[in-house]
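Assemble chain B onto chain A, guided by the hints.
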Amino acid sequence: MRKLVIVLLSAICLVLLGFTLSSFIHVFHYNLSAPADVGSTNKSGYRLILITQEMDTPFWDKVEYGASKAAAKYGAELEVWGSYGTNQEDFLKYMEIAIASKVDGILVQGLNTDGFNQLATVKAAGNGIPIFTIANDVPITDSLRRTYIGSDHYKAGQMIGEQLAEDLGHKGKVVLMISDHQEDFQSKRLDGILQILKFYPDIEPITVVAGDTREKVVAATNEVMNKEPKVAAFVSVTANNASAMVQEIGKRAQLSRFHIYSFDDSPEIKTLLKEKKMSGIIEQSPEMMGELGVQLMVQWLQGVTFPLKYEGYYTDIRLLKADELP
Amino acid sequence: MNTVQKKILSLTAIVLFIMVAIWFILTYYNQKMQDQYNDILQRYLQMNEVSASSQQLVTSLNNYIQTPTSSKLSNVESDRQRLLDAQLQIADLRNNSNRFTLTNYLNLIDSLVDSTNRSIRLLNEKNNEEALNDFTEATRLSKYISEMTLTLLGTELQTYDQFYRGMIMQSVELKKLGVWMLALITFLLLLFTYWFSLSITRPIQRLTQAARELSRGRFDTHIEIYANDEISFLAKTFDRMRININNLISEIQTKAQLESELQKNKLLLQESQLRSLQSQINPHFLFNTLDTLSKKAYLEGSVETSDLLTSVARLLRYNLKRLDRPVTLYEEVRVLREYIFIQKTRFTERLRFEEEVDEACLHVQIPGLTIQPIIENAVIHAIEPLEEGGTITFRVRDEGSEIIIEIEDEGSGISEEKISHIMEDRFAGQEGDGHSTGIGFGNVINRLRLYYGREDVLAIQSQVGKGTKVILKLPKEREAG
Chain A
1 MRKLVIVLLS AICLVLLGFT LSSFIHVFHY NLSAPADVGS TNKSGYRLIL
51 ITQEMDTPFW DKVEYGASKA AAKYGAELEV WGSYGTNQED FLKYMEIAIA
101 SKVDGILVQG LNTDGFNQLA TVKAAGNGIP IFTIANDVPI TDSLRRTYIG
151 SDHYKAGQMI GEQLAEDLGH KGKVVLMISD HQEDFQSKRL DGILQILKFY
201 PDIEPITVVA GDTREKVVAA TNEVMNKEPK VAAFVSVTAN NASAMVQEIG
251 KRAQLSRFHI YSFDDSPEIK TLLKEKKMSG IIEQSPEMMG ELGVQLMVQW
301 LQGVTFPLKY EGYYTDIRLL KADELP
Chain B
1 MNTVQKKILS LTAIVLFIMV AIWFILTYYN QKMQDQYNDI LQRYLQMNEV
51 SASSQQLVTS LNNYIQTPTS SKLSNVESDR QRLLDAQLQI ADLRNNSNRF
101 TLTNYLNLID SLVDSTNRSI RLLNEKNNEE ALNDFTEATR LSKYISEMTL
151 TLLGTELQTY DQFYRGMIMQ SVELKKLGVW MLALITFLLL LFTYWFSLSI
201 TRPIQRLTQA ARELSRGRFD THIEIYANDE ISFLAKTFDR MRININNLIS
251 EIQTKAQLES ELQKNKLLLQ ESQLRSLQSQ INPHFLFNTL DTLSKKAYLE
301 GSVETSDLLT SVARLLRYNL KRLDRPVTLY EEVRVLREYI FIQKTRFTER
351 LRFEEEVDEA CLHVQIPGLT IQPIIENAVI HAIEPLEEGG TITFRVRDEG
401 SEIIIEIEDE GSGISEEKIS HIMEDRFAGQ EGDGHSTGIG FGNVINRLRL
451 YYGREDVLAI QSQVGKGTKV ILKLPKEREA G
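In order, the protein sequences belong to chains A and B.
81 is the number that my numbering gives to position 81 of the first sequence; each next residue is one higher, with no gaps.
133 is the number that my numbering gives to position 133 of the second sequence; each next residue is one higher, with no gaps.
The hints are simulated quantities; they were obtained by calculation from the structure and are not laboratory data.
These numbers were taken from a predicted model, which means no experiment stands behind them.
Beta carbons: idealized from backbone N, C-alpha and C, even for Gly.
Derived CB-CB ranges, DEER-like: (1) 10(A) - 240(B): 35 to 43 Å; (2) 129(B) - 166(A): 55 to 63 Å; (3) 44(B) - 144(A): 37 to 45 Å; (4) 85(B) - 318(A): 55 to 63 Å; (5) 69(A) - 92(B): 26 to 34 Å; (6) 91(B) - 26(A): 30 to 38 Å; (7) 38(B) - 88(A): 39 to 47 Å; (8) 41(B) - 144(A): 41 to 49 Å; (9) 25(A) - 146(B): 41 to 49 Å; (10) 75(A) - 128(B): 43 to 51 Å; (11) 88(A) - 150(B): 17 to 25 Å; (12) 219(A) - 129(B): 41 to 49 Å.
The shape of chain A in the complex, shown without the other chains (with noise of 0.2 Å):
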């Protein structure tokens, strides 16, 4: 009975012992060490800031993912900040908040409005901080900005000119929807493709300005098509209408009679494309972009590319055709 006790009793002392040790080497197991303090990898890094209206689109992820890819390269800190679906009151205070964080170098899609001009001009040349625009230009008299990096929009309008003349055979009537927000890239697209178009008498462009909104461009698309039965063709120079305006004209008439053409920095586009709504494309390098703006900062802000080219330095376009597509 004594015996039995004492094993019992040692028993039941030894498993909890063991139960104690686990428990005991768990408790212990935690490393609570906080996050590490300041890493001195990258201190002297540039601190950059690259600013769109247009967070998580296709197209700015790509211009977002070559620009950390510069940076990480040339050793550069960069954040991404953005408004949702072009809110140019947060894409403005955004702005500002760069402006007065006092960063190295500020990479920002263009905005032709008086608030950007103001605070690109007046605050960041003030606080000596540059400012790269990026995809989208705004002239430079207005906003004093250092460089352009992105697409050459006149080239790329000259592009859809020529494939238009080339389609339409050279006759027909053409809309041409444009946004009533007065942006430089449009503004350059117009241009470019009015300049082809030139050479072909027969081919009538129609401008039609339409606001920002869906209800907006629905609207217009519907009136133009009302006015001009017989349009062959649709150029959305503003890719954000494009999906609006084929959608309409989707549901007025078999999309395959008419050539539509945009641009490919909008989000809707792609899809757009591969369901053959549309007969072509602009396609950009945004990848290049983000790449090239960075590594140029980074490179002015050391001295090593001095000047800058006022006018910009362009990256590839192409034409991207629907029937090109598997």
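Chain B alone, transformed into the frame defined by chain A:
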């Protein structure tokens, strides 16, 4: 020596030590956690402080713009200082994931301070328009600071997410550890206490067992307890007591034996007295009658008969008086001579009595009526049955520390077997028959042995057909006890 007290003290000390150790560990650990919690809280508080002080700065700046007084200005300045202090502190919160934002944050604060300063300067220059512009900017910046504080807090939460979860898990584990530890200690203590109590109670149980044995009267089982405390001391003492009691008891037993022997002696004396009383129906009458007979015989001219009667009377008187106390050998020899005189009258020429007595030895004391019965015995066995009679030789001589008395006859002798019977007192029942005094040989032997306290006081040498020799060795000094 390990005492029970020491044992209890050491157990208590061990328990106390364990408790204190655990308490220290847990307290240390808790303290560590507390510090971590404090650090975290500190971070949040510092960030909040920036946000709050920037808003405060804007408010006081606003007040100053409304009514520019020096007290308001000093308000602005103190708020600005507070903001700068907060900025200094927040600079320490830098880590890998918030570095960029934090730098922006610090610069934002700088910008806010710049705007404030500019606004005040412009106000002093009476350029109210521009001052208001800068104030608006300061307001906006303050708003941005607040927003960025939230961003920072968010980043903080994200960065420290793993850490916080770790802390929560750890505290849960700590709780578990506490429970396990409590259980472990409980059982360890149970085990220890059990073992400890056994080490105390087991010797006590053995002792109890031993005490029970003693109480049942078994004093010969050895008590042995292997312990290293007072119990073993108790056990040793107990054992010694047992041995002492054992000795005492054996002593008492010997004493009791002695007592019973004494009792027996008394009984023997009483018996002989009783026998004498039986024969002493009326001693005075008998003496008087014997006296009268002696005188009558003398008057009638029968001198021999008269002497005979006198001897008988003397013998009878001696016999009655001298039984319970020692007499001198001289008296014994006198009575013996009376007796021999009587017997000679009876046996005439058949009884020949030879005496070799060293008169110097007759002063020693011996029990009364010891020699006469032996002589009478010789007469009865060696003279009476023989027609030609025999010689009885009586010798008393000094032999250093002893006086040797020999009574020798020439009778038919006694067999070895019978001698040993006599010596071992087997005839107790039938002795005394045919003796004039009623006192038998066995009675004599016993009395002599008791009187001198030794066994070899009397010896019988005999050969069948050649006679018997009874030898008494009487020590001159009676041994004590």
